[in-house]
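Which chain is which? The protein sequence lines are A and B, in order. Using the numbering used here, the first residue of the first sequence is number 16, and each one after it goes up by one. Using the numbering used here, the first residue of the second sequence is number 16, and each one after it goes up by one.
Since the hints were derived computationally from the structure, they do not count as laboratory data. Incorrect hints may have been included.
Same chains, same label: a pair holds when it works inside one copy or across any pair of copies.
Computed list of lysine-lysine pairs in DSSO-like fashion (alpha-carbon distance at most 27 Å, straight line) [stated by the list, open to error]:
id, residue 1, residue 2
1, 90, 64
2, 72, 90
3, 64, 106
4, 106, 72
5, 24, 72
6, 90, 24
7, 106, 90
A quick note: this is a predicted structure, and the numbers were derived from the prediction, not measured.
There are 2 protein chains.
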Amino acid sequence: MTHENSTVKPTEAELTLLNILWNMGPATVRQVHDVVSVSQNTGYTTVLKILQIMHEKSLVIRDESNRAHVYSAAKSETQTQTSLIKDLISKAFGGSTSKLVMRAIDDSTSAQEIDDIRQLLNSLEK
Amino acid sequence: MTHENSTVKPTEAELTLLNILWNMGPATVRQVHDVVSVSQNTGYTTVLKILQIMHEKSLVIRDESNRAHVYSAAKSETQTQTSLIKDLISKAFGGSTSKLVMRAIDDSTSAQEIDDIRQLLNSLEK
DNA sequence: AACCGAATACGATACAATTCGTAATATAGT
DNA sequence: ACTATATTACGAATTGTATCGTATTCGGTT
Numbered sequence: 016m017t018h019e020n021s022t023v024k025p026t027e028a029e030l031t032l033l034n035i036l037w038n039m040g041p042a043t044v045r046q047v048h049d050v051v052s053v054s055q056n057t058g059y060t061t062v063l064k065i066l067q068i069m070h071e072k073s074l075v076i077r078d079e080s081n082r083a084h085v086y087s088a089a090k091s092e093t094q095t096q097t098s099l100i101k102d103l104i105s106k107a108f109g110g111s112t113s114k115l116v117m118r119a120i121d122d123s124t125s126a127q128e129i130d131d132i133r134q135l136l137n138s139l140e141k
Numbered sequence: 016m017t018h019e020n021s022t023v024k025p026t027e028a029e030l031t032l033l034n035i036l037w038n039m040g041p042a043t044v045r046q047v048h049d050v051v052s053v054s055q056n057t058g059y060t061t062v063l064k065i066l067q068i069m070h071e072k073s074l075v076i077r078d079e080s081n082r083a084h085v086y087s088a089a090k091s092e093t094q095t096q097t098s099l100i101k102d103l104i105s106k107a108f109g110g111s112t113s114k115l116v117m118r119a120i121d122d123s124t125s126a127q128e129i130d131d132i133r134q135l136l137n138s139l140e141k
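Start from the sequences, fold in the hints, and give me the full structure.
Structure representation (structure tokens):
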């Protein structure tokens, strides 16, 4: 067996495409490529290939019923964000969430953001 | 030109070694390897090679005055943590720090951690 | 001065990521 | 039915990571 599933960490290029899929919802290679093209100079077949690899890794689901396959993210944006954060916390912050928050906030963080975080903390049970 | 510098994101293996260097301070390959060996089964030359590559990338500084070179992290743990977080916030959280914090905290987060975060927020100017 | 052991340097392998060119194929319009 | 075109499939080139074996080199000990 080689790839079938579990928790695969998307690469940078894959994360870029996932962001597009989360935004657009299910989309064809062409649609994804059109969006990618706005900010990057990436060929159509490159996007296709990455989506195919993501499919092998089960990072995306593919609907092959039409000529143009329709791809969609296999895991929600929230699920993926959570695993990425947890991974970083364990690998770079010695498991400390508070340390991560400490580093995440700085002068460039807007008052609005900070307010949102305060609200979030207030709404906690603990 | 090939590598000389700027902000290089360490790979997983490199981050493992950086964590050791931040803990121990300047250390030889052997010292680093001894620590790595406790948890992983990695050869001495593998550690050496990675440190050499990190040196090329300027992720570590090397003191060659003695027979056994002494390596140390080029950037502080804090600096590195900050860039890793900032990178993740921009690539996976649409630039929203509050969303990141939202995902970082969950049931598994201890009361102590949450308290620390509250303190941190209180101590802010904003 | 020669030798031994520890350390670095070098190079090779395997694998994955990224990129794209070309081939094959299927649908839609004529 | 045929052809043009869009789309997928395949595979190759390049680069970087991770790993280690072997060669080389340097210092201290005899």
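Hints versus structure:
{"no.": "1", "hint": "90 x 64", "result": "within (20 Å within a copy, 36 Å between copies)"}
{"no.": "2", "hint": "72 x 90", "result": "within (12 Å within a copy, 34 Å between copies)"}
{"no.": "3", "hint": "64 x 106", "result": "between (30 Å within a copy, 21 Å between copies)"}
{"no.": "4", "hint": "106 x 72", "result": "both (22 Å within a copy, 20 Å between copies)"}
{"no.": "5", "hint": "24 x 72", "result": "both (10 Å within a copy, 24 Å between copies)"}
{"no.": "6", "hint": "90 x 24", "result": "both (11 Å within a copy, 25 Å between copies)"}
{"no.": "7", "hint": "106 x 90", "result": "both (22 Å within a copy, 17 Å between copies)"}
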